[in-house]
Amino acid sequence: MKTKPFVLLCVLLFSCAMGQVVYGQYAPPSGPPSLPAYGGQYSPAFAAPGPIHPYAAPMGQFGPVMPAGQFMAMPANWARQAEDEAPFRVFLAGADSGNPDKEIILASTRSKKGKPDRENGKCDAKDGKSGTCCNFRFFGDYLYLRARDAEVAYAVEANSGVGPPPVQVSPVALLDQDFSSGFRAGFAVCLDDCSELVASYTLFETATSHQIESVPPITQIVSMVIHPATPGAVTGTDAAAGRHDIDFELIDLDYRRVWWDDGLGNASWSVGFRWGQLEQNFSSVFTDSLVPPVIPEVTVLTDVDFSGAGVRFGLEGERHATRFPFLVYAKGFASLMAGEFDASYQQNNLGTSFVDTRWTAGRIVPTFDLELGGGFDCSGGCFRATAGYVFSAWTNAVKTDDWIHAVQTNDFRDMNDTMTFDGLVVRVEGRF
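The numbering used here puts the sequence shown at residues 988 to 1419.
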């Protein structure tokens, strides 16, 4: 008998508690129509427009309704989005009866894992930081390079009256290139979400000159570029001067494609075409006080040219900072150009030609380019400025110094050396 009052009291308390929960879950009668509880039926009029997501609740059911101003509680698998499907929807209840429910659409930035989405105008990007594909981009590079392994020794001051080899008494008169300016300009057109077509033109020109004088009759200038079997080789001169020019031009056309991207960095490969031309011009003049200055005693002129074309391969990568608009990058390219070297040598003594020869041969010239640097981007990735160190090598090449030595020794074998260029590169790039 004492148990019944206790049971009735528990039932009464439980009913009061459930009443408070139900009142807190559903809107008051004066507000908009309420939705049924979790698992209950609902009218199609309350359904949000758009396709039904494959992970949504079964038709006729609805998730739990949370108090006003909070996100609806949903099972974890409801927030999943199938590949290539419409974005899922989440509802935010109004703060009061006069503010209708607000709908928030959450959409993935990618349609498939690791693949880019260009709905926001960026390719393979999060907030425009990473990626390569825009509708169009252009760039301009300032090159500040130095040609190395390309020096020419053309004369030296030696004791007079001493037969070959001479006894050097001064530094060697050397034509060694210093840093010079060049440029690269190009543009890229996006082909699809991950690839683009890139075209660029590069021009670099450098030159150096030098002169040397002796102190007669104690010393004299001995030439290191005159043919040893000519009259000018056995007598010294009072002064000598030389000049050496090196120029190259490049036209590159590449197909570039992104193969990895995580939103803050990407890596891409490229394959394409390269046309290149390398020119080396050398001139030297040797004068003597006994010879009228109108006609130099000896002049030596050489010209070594290469022109070829072939395939080009490359790898590029970059990484962006998470909190600042800074980035680091690396680029590497290799090319195989099939072409022809054409070299000439001419020596004149007092206006008369003593040596005039030419050499032509086909070559495969591999070139290698490496660039490392950093920079920043702004305006959502639409503007970028970078600076870095660039290194370039032309291998299996004929250089001026090797060509002169071949003429002097009459040995035209093994004229295959490497010429390098390195220095600073600064790029300004716009993306649209």
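Keep in mind that the hints were calculated from the coordinates and are not lab data.
A quick note: this is a predicted structure, and the numbers were derived from the prediction, not measured.
Yeah, the Cβ is synthetic: ideal placement off N, Cα and C, and Gly gets one too.
A portion of the hints provided could be inaccurate.
[As the list claims (entries may be wrong)] Beta-carbon label-pair distances, calculated as ranges:
(1) Ala1325 x Phe1170: 52 to 60 Å
(2) Val1413 x Ile1238: 16 to 24 Å
(3) Thr1309 x Phe1399: 57 to 65 Å
(4) Leu1251 x Ala1140: 28 to 36 Å
(5) Phe1170 x Phe1260: 18 to 26 Å
(6) Phe1399 x Pro1353: 33 to 41 Å
(7) Arg1135 x Val1415: 23 to 31 Å
(8) Thr1222 x Ala1194: 27 to 35 Å
(9) Phe1300 x Leu1337: 32 to 40 Å
(10) Val1342 x Arg1244: 51 to 59 Å
List of violated hint numbers, smallest to largest:
1, 4, 6, 9
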